[in-house]
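Novice: Position chain B against the provided structure of chain A, taking the given hints into account.
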Amino acid sequence: MAARRSRIPATKYPVERFTLDNGLRVVLTPDRSAPVIGVAVVYDVGIRSEPEGRSGFAHLFEHLMFQGSENLEKLAHFRHVQGAGGTFNGSTHHDYTDYYETLPSNALERALFLEADRMRGPRLTEENLRNQVDVVKEEIRVNVLNRPYGGFPWLTLPPVMFDTFPNAHDGYGSFDDLESATVADAADFFRRYYASGNAVLAVSGDVDVAEATALVERHFGDVPARPAPQRPDFAEPDLTAERRSSYTDALAPLPAVAAAWRVPDPITDFAGYLPYVVLAEVLTDGDASRLVERLVQRDRAVTSLGGYVGFMGDPFDVRDPTALLLQAHLPPGGDVDKVLRTVDEELDRLATDGPTDGELARTQARMATHLLRDTDAVLGRALRMAVLEQQRGEPGLLNELPRLVGEVTDEQVRAAAATLRPERRASIEVIAGGAR
Amino acid sequence: MTATVGTGTRVLPPLGPNRRFKVPKQAERRLGNGLTVIAVRRPAVPLVELRLWMPTGRTHLARGTMLAQTMLSGTASMTSVQIAAELQAVGGGLSAGIDPDRLMLSGAGLVTGLDRMLEILADVLTGATYPGEEVGTERDRLVDRIQVAQSQPAHLARTALLRRIYGKHPYAVQTPDPAQVHAVRPAALRRLHAERVHPADAVLVLVGDVQPERALDAAEKALSGWSGAGHDDELPPAPPLEPGALLLVDRPGSVQSSLRIALPAVPRTHPDHAALQLANLLFGGYFSSRWVENIREDKGYTYGPHSLVEHSVAGSVLIAAAEVATEVTAPALLETTYELGRLATLPPKPDELEQARQYALGTLQLGMSTQAGLASLTSAFAGNGLRLDFLAEHAARLAKATVAEVAEAARRYLAPARAVTVVLGDAERIVPALSALAPVHTEPARP
Chain A
1 MAARRSRIPA TKYPVERFTL DNGLRVVLTP DRSAPVIGVA VVYDVGIRSE
51 PEGRSGFAHL FEHLMFQGSE NLEKLAHFRH VQGAGGTFNG STHHDYTDYY
101 ETLPSNALER ALFLEADRMR GPRLTEENLR NQVDVVKEEI RVNVLNRPYG
151 GFPWLTLPPV MFDTFPNAHD GYGSFDDLES ATVADAADFF RRYYASGNAV
201 LAVSGDVDVA EATALVERHF GDVPARPAPQ RPDFAEPDLT AERRSSYTDA
251 LAPLPAVAAA WRVPDPITDF AGYLPYVVLA EVLTDGDASR LVERLVQRDR
301 AVTSLGGYVG FMGDPFDVRD PTALLLQAHL PPGGDVDKVL RTVDEELDRL
351 ATDGPTDGEL ARTQARMATH LLRDTDAVLG RALRMAVLEQ QRGEPGLLNE
401 LPRLVGEVTD EQVRAAAATL RPERRASIEV IAGGAR
Chain B
1 MTATVGTGTR VLPPLGPNRR FKVPKQAERR LGNGLTVIAV RRPAVPLVEL
51 RLWMPTGRTH LARGTMLAQT MLSGTASMTS VQIAAELQAV GGGLSAGIDP
101 DRLMLSGAGL VTGLDRMLEI LADVLTGATY PGEEVGTERD RLVDRIQVAQ
151 SQPAHLARTA LLRRIYGKHP YAVQTPDPAQ VHAVRPAALR RLHAERVHPA
201 DAVLVLVGDV QPERALDAAE KALSGWSGAG HDDELPPAPP LEPGALLLVD
251 RPGSVQSSLR IALPAVPRTH PDHAALQLAN LLFGGYFSSR WVENIREDKG
301 YTYGPHSLVE HSVAGSVLIA AAEVATEVTA PALLETTYEL GRLATLPPKP
351 DELEQARQYA LGTLQLGMST QAGLASLTSA FAGNGLRLDF LAEHAARLAK
401 ATVAEVAEAA RRYLAPARAV TVVLGDAERI VPALSALAPV HTEPARP
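Chains as they are written, first to last, in this note's numbering: chain A, 1 to 436; chain B, 1 to 447.
The following block holds chain B by itself, in its conformation from the complex:
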């Protein structure tokens, strides 16, 4: 039965001429203390975005996580409430986060408050005190937060996947054990701060309605007194993926299964990267991909399947993720393997590649069209030794990647033979069918 449909006679209008790809101007200065400051002007709204990236390779996990949790808890001159209130007064805010690559302080505020935000930032960087009372409170809150995370299927699936693909590498475990969190004392945080929170390899990014030179001057004025030269531990390269039995993590009673597939990938600067990015789009990297059209729009197995190349300092990996109904877990995996295999062994159609190419180029423009987007992009690039002008090179590579190059990238990186597969779900209900597709190794869910 069909309703409310007329006869199709109208023709899709063509696209207008492509706007030339323009990277916004940036200014950069290395301060005497070693801090790199990058400023980008986008005057759209009277705000400024701030990102401070400090490398933290091989930081003790529980202490590092607590450092981020308590860094804004007080300085010699301000309590945590005063820090928050003073930032609010200029429309500002700061938050801290950590992962195995970096400690990040980020925020945004009214551009008229830039100097004040930088002043408060400097006070935190040079004088965070980690007061006992606040550290105690935040320790308990962190443990609560970890418990909530560990009750989320997406978190459990990711935890299992990281452990499976990274083995003994520092990337393998990224959530601290509550017992270790409980053992963190203020003195250890002050020590860690002294060791790791220093300007030598840090990058500060400021983006907004401010002249870049003026932003650099403001940063220099506020942050020149930040000193110290602790150490950075280089991360070892991430190990190559080792395909093997499907790892099934048992979550009794789960009404969905979380599929996670890891595949090899290359860093942004690798000659294969543009072709790999396009191959990933064709497979599952956007809605109009083979995987989404198959397991969602045709089969209705899932809501939001997606695949993404994740870049970290020590290596890159392609991760495909889908939450599928328990009863179709094995069929969904079968279709996934089929789509990977089809792309790895047969070249894509030229118009299918054109569509993915336009998407890749268009979303580069979209990503640069807000202050927040520009700030995060600039910071992620700078943390990996790149600058925004890399985008122009990357766009040029995307524009000229051929069908043959994309097919070759798919063969090399998206082959199901190279996949590491983890499934979180109700083992009793899904193991029998999954065992028909691959050898299955079952483990209980572990936090």
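Looking at chain A on its own, in the form it has when it is part of the complex:
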């Protein structure tokens, strides 16, 4: 097949950065093509930072940030965002927690007011805490306990791969830990981590930079200054011997397996890390990818297959340590050992021969489409730029990603594949307890 190479296009979203006197970092990225805005506040605290005995606390606390604040009663936040024609949410990740709104652009000042108010202080009450513990337990039941493959592999693989509590524990939390959380815990957590110096505000979309800058200063300028806490070192050594584990999922009708290998530090060694992000797609993106062609189509050894970097599939939002993951569901009675052996064989082949003619270029073109598509949503831009600012001080990297992905070479992908050895692999097998 002819190896035609598509030119990888780029976006040119403008980026304005500044820091308020209280240490809050701000990113503005105007785009007036539609009358909507995205507003995101990202705090540099996530699942890895919650203390032992308080698993799930970072996520529980995220819920508490919606329960009223200095000038706002319970329910007011939701009503004010939606009553302005907008939508909102928040999410808790390994390394950060985000809060965001997307709204018609006439609601800019309102959104800034709402975020600034809870940055000054949420209303942490016993009643709200108990209510949200109940809500979070239902969230865990719906996403983990009452369905097959709940938490697979993002909650079930880290304890196989990692040894320390921050990296290995269940980020949704145990019911015991959630129930023992106190208002005092929440107040401490807020004081420590929800500091102006530990946060980034990003605003994208239909805004005028001068006007938005003035509004940001008006609403966030007098948020009391608190410095960012020292971020602990979460480093763990790489595996030197294969690790495998398995568990029975009583609801699962088919066996499944996930495997992971550590990758270079996404922040300090971005150039070394990027080839792994590309490699995951070479292996698994679509019917023409290596592993789908081999395992799904040719061998019929698996029925579905995916691969990505970062336990939440968030390659540009994670810090070290993280991993490249492959996950597959097998047909009834499928042989997990055989699947892992075949993966090793295909990785060997790629490491020996390198990508075929055009294989890398087409994967890079497809990755460019995905990256560009994510930034078309005004909120996607605000969220990604906020995290890029927080973790790298480089929000404009968003514009560069399609090009950088496109510059990864055959040799880099080959070399990355060569490191995915069985002795560096952690894997988890789901035994189908619900097979008929």
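A couple of the hints might just be wrong.
Claimed, not checked - Straight-line C-alpha distance at most 30 Å; calculated DSS-like pairs for lysine-lysine:
#, chain 1, residue 1, chain 2, residue 2
1, B, K25, B, K221
2, B, K299, B, K349
3, B, K349, A, K74
4, B, K400, B, K25
5, B, K400, B, K22
6, B, K299, A, K74
7, B, K22, A, K12
8, B, K25, A, K12
9, B, K400, B, K349
To be verified - Distance ranges between label pairs, derived from CB positions:
#, chain 1, residue 1, chain 2, residue 2, range
10, B, Q211, A, S246, 50 to 60 Å
11, A, T352, B, K25, 49 to 59 Å
12, A, D176, B, L308, 32 to 42 Å
13, B, P243, A, T248, 36 to 46 Å
14, B, P24, A, K12, 14 to 24 Å
15, B, K168, A, E400, 52 to 62 Å
16, B, R411, A, D21, 48 to 58 Å
Since the hints were derived computationally from the structure, they do not count as laboratory data.
Ideal placement from N, C-alpha and C gives every residue a C-beta, glycine not left out.
Specialist: Quick look at chain B alone, frame taken from chain A:
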């Protein structure tokens, strides 16, 4: 105990002036073969979105599902791997899906690859071969996927609800039986393709960084050779809801119960639709609704309750859904009935209606602000005989619906007396309390 709270003295800033509601320009052409092509320009990112809607009323369920599963498995000139690789080369991809209304091919790619994507699309439409080997593989994969779906409580609850509300209508069963899937042969797929994959009533939507006229020309050039005039079977109208005993579907050991409530609704073009949409928002259609504030934010019974008016070609229905802790199943249903009844019998407060109205109008803007959102909206509208300019009419109706009209819509459509209720959960634990609220008819879970 209260911590880290100061005294509330700051005032919520008012909203700026509303931006005028603008519908993006579109161009439309009916090709000689009957295919309608609609193109909308949104130049934000250098991509193009593609949606091809082909009506499929009354298609044999297992064959139709397999058709979607294998349509991209090969043509006279390309294998499935070549199709995927050639699409990837221009940053593109295509996928196929089917429901009782339509077969849909959708995808996105770099705008520089539009011509190539359309060329490959044309090759699939005119020359999909359904090769035996690939059909065999995909048959097994589909059966695997159905098994996984049938182990999901949300799927089981929906399956039971559809069967309960649609009876003998084609909407009643939307997941094929594995045995029927196993019986599908390549020849049947080729026959079905010849019968159903034709341009006469199909609509192609292209949205992105491309001049609409240029997109129409590209589509005409690539797809004029697609021909054929099979048949379309009109779907009969969906039957009216028939309230009755609560249907309890037993799922032993379930740690949550899945509540599903169906209520009557009207199509987008019906004069009551705007008022019904607002009444639904007030009840459970957004986070700041009575139902969510009650059973989540006050009682903590559930995580993500929501209600939605679902529009299909043969009819519309309002469906409210919540996953609640097993031990509070009956209390959660009681609060649900209470909130429906309260809205159906007492008018909403004017400021509560204003809030819902702003949400409805604002989310219209948000929905049109991405290429993907615009493409899906344009396609869903076109499949139901509407164009994007309908949004302006709808926005005007939302803007002027009165408290009295919304109260009347609530009385007419949201009355608990008209509800059909299905609960999936652990019968042994929940039947005693549920029986205090309504007559209960229990069935085992069926795939």
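Novice: Could you run down the list of hints and mark each one as holding or not?
Specialist: The hints, checked one at a time:
1. K25/B x K221/B: The given pair, whose Cα atoms are some 22 Å apart, holds under the 30 Å limit.
2. K299/B x K349/B: Answer holds: K299/B to K349/B is near 23 Å, not above 30 Å.
3. K349/B x K74/A: Holds, because 19 Å separates the two Cα atoms, which is no more than 30 Å.
4. K400/B x K25/B: This hinted pair holds, its Cα atoms lying about 25 Å apart.
5. K400/B x K22/B: The given pair, whose Cα atoms are some 18 Å apart, holds under the 30 Å limit.
6. K299/B x K74/A: holds, 14 Å
7. K22/B x K12/A: Roughly 25 Å separates the two Cα atoms, so the pair holds.
8. K25/B x K12/A: Holds. K25/B to K12/A sits at ~24 Å (cutoff 30 Å).
9. K400/B x K349/B: holds, 15 Å
10. Q211/B x S246/A: 50 to 60 Å: holds, 56 Å
11. T352/A x K25/B: 49 to 59 Å: Holds, at about 54 Å.
12. D176/A x L308/B: 32 to 42 Å: holds, 36 Å
13. P243/B x T248/A: 36 to 46 Å: holds, 42 Å
14. P24/B x K12/A: 14 to 24 Å: holds, 21 Å
15. K168/B x E400/A: 52 to 62 Å: Check passed, 58 Å falls within 52 to 62 Å.
16. R411/B x D21/A: 48 to 58 Å: holds, 56 Å
The structure fails none of the hints (numbered hints given earlier).
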